[in-house]
Structure formats: C-alpha cells, structure tokens
Amino acid sequence: MAILNIRHRWFAGLSLVLALLGASAVPAAQVRQPIVVDAPLPRLDPAAAALKDRCVGDEPADPKAAPVFHSAPALPASAPLPADVAGPRMDLLNLVQLAIRRSNAVGASRLLAESAAYDVEEARAARMPQATISGQLGGVDAGAPKTTSTHGAQYQGGVSVSAPLYDGGRISDLTDWRRHLAEAARFGEIGAQEQVALQTVSLALERSRYSVESQVYEQYAHKMGCLVGALQMIVSVDRGRTSELVV
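Residue numbers (my numbering): 10 to 256.
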C-alpha cells in the first residue's frame, strides 16, 4: 500500500514538471493577447465625415418601402382611366394635336383634300339646269342735218336657261373620278396626320427614356462615388489595403 502511494505521488510530480516545461517552451508571439473592447476608433477627417453623411440614408431602411412595379391591368373600352394614367395620356394627346396643327405636311394635305372635295361638287352641279342673265347699257345719239337730234340711253337685258339632255355618261364618269380623287386626298391627309403623330410619340418616348437613363447614370455615379469614398476611408485607416484603389 505504501509502494502504491509513492508511485502515485511520483507520477503526479512528473506530470506537473512536464506541464511547467511545456508552458515555458511556448513562444511569446503565440501567446494570445487580451482583446480590448473599448479601444477608441480612428477619428475621421471632415471630408470622410461629409461623405458618410452624404452616402448614408440613400436606400430605404424598410425593404417594403421600395417601389414595386406591376403590369397594367386590362381595362374595358368604356371604363374610365385612373388618374395616374389619364394625366400622362392627356399630355401626350395634347402634344400630338399641337404637332398636327403645326405640321406643314398635314396642312398641305388638308388643302389638297378640300380642293378635291370642291371639284366633286363642281362635277355634280354640271347636270343641273343653268340660268344665264345678261344685260347691256348704252347711249343713243342720232340726228341728221336740219333735223332734230335724238339723245338718250338704251338698256337691253336677257335671261337664258340651259340644261344638258344627254351627254353619254360624261358627267357621271367625271363625278365618279373626282370622288375617287377626293377619297385619295382624304386618305393622304389621314396618313400625314398618323405619320406626324407616330413621330411625335416616338420622340416623346425617346426623350423620356433618355431622362430615365440620365437619372439611372446619376444614381450609379453617386453610388460609385460613395464606394470610392468608403475605400478611401478604409485605406486611410489601413495602409496595407492601398491596392484596393485600382485606377
């Protein structure tokens, strides 16, 4: 029993000595230093502080506040348009009407259509009876030697009425031909109006697209400026990360 106690004490002392020797053999660089939680952060310069104030708060804090885009629902033809849809459409319609009124091509086609319509009316009136009124006014001065001279005024007037009895269908064919010309002129006016309206809508959409693109590029440049400013703030604190600012 005494021998077992001696062996137990000897093994305990040997393990204690080995533990002390192992602790002394650990390098000082591998010894973990205590973490200081309350260490002061590096102070930002005024430019970095201004950048922080400018870039913070650009995005909404609540993701639900972000805009959500939905497809426009199909509405029946008789249903009234919503206020947010009727406003832009009315503005675009007013712009198209103004462009049509100021278009020289539309004005020329309108005059051609009116002239063709007058030609049709003229051809139709050719088959109607026509009345002609004529008049003549003159002076009379008659006399002979040793006689009394006659002086006075002379008036003459007449009325004639004429109507075509038979022309072999010439007036009907002429009226039909001019009516087709009037329809072609009217379609030309409608085509000119549609062309001007299409150009106006296309230019308006292009202008809106360029405006939206400029806003997107402005936001992109703003975000990139914030990113570069953040990298500059990091590099000013940690010089070892200067390579992250790549030109």
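Because the hints were derived from the structure by calculation, they are not lab data.
All values derive from a computational prediction rather than experimental measurement.
From the three backbone atoms N, C-alpha and C, an ideal C-beta is built for every residue, glycine too.
Among these hints, one or two may not hold up.
[Stated by the list, open to error] What follows is a list of derived Cβ distance ranges for each label pair:
(1) MET233 - ARG111: 19 to 29 Å
(2) ILE180 - ALA140: 42 to 52 Å
(3) SER181 - GLU123: 22 to 32 Å
(4) TYR127 - THR159: 48 to 58 Å
(5) ALA114 - ALA140: 14 to 24 Å
(6) ASN103 - SER223: 16 to 26 Å
(7) ALA135 - GLN165: 27 to 37 Å
(8) LEU101 - GLY178: 45 to 55 Å
(9) ALA140 - MET99: 48 to 58 Å
GLY178 and LEU101 - C-beta distance against the hinted 45 to 55 Å: 50 Å, holds
TYR127 versus THR159 beta-carbon gap, inside 48 to 58 Å or not: 51 Å, holds
Outcome for the supplied range 42 to 52 Å, where the beta carbon pair is ILE180 and ALA140: Given about 18 Å between the Cβ atoms, the range is violated.
Cβ separation of ALA114 and ALA140, checked against the hinted range 14 to 24 Å: For ALA140 against ALA114, whose Cβ atoms are near 42 Å apart, the range 14 to 24 Å is violated.
CB-CB spacing for MET99 and ALA140 relative to the 48 to 58 Å hint: Check passed, 54 Å falls within 48 to 58 Å.
Cβ separation of MET233 and ARG111, checked against the hinted range 19 to 29 Å: Since MET233 and ARG111 have Cβ atoms about 43 Å apart, the given range 19 to 29 Å is violated.
Consistency of beta-carbon spacing, GLU123 to SER181, with hint 22 to 32 Å: 23 Å, holds
Range hint 16 to 26 Å (beta carbons of ASN103 and SER223) holds or violated: 24 Å, holds
Hint check for GLN165 and ALA135 - Cβ pair distance inside 27 to 37 Å: Since ALA135 and GLN165 have Cβ atoms about 29 Å apart, the given range 27 to 37 Å holds.
Checked against the numbered hints above, the structure violates hints 1, 2 and 5; every other hint is satisfied.
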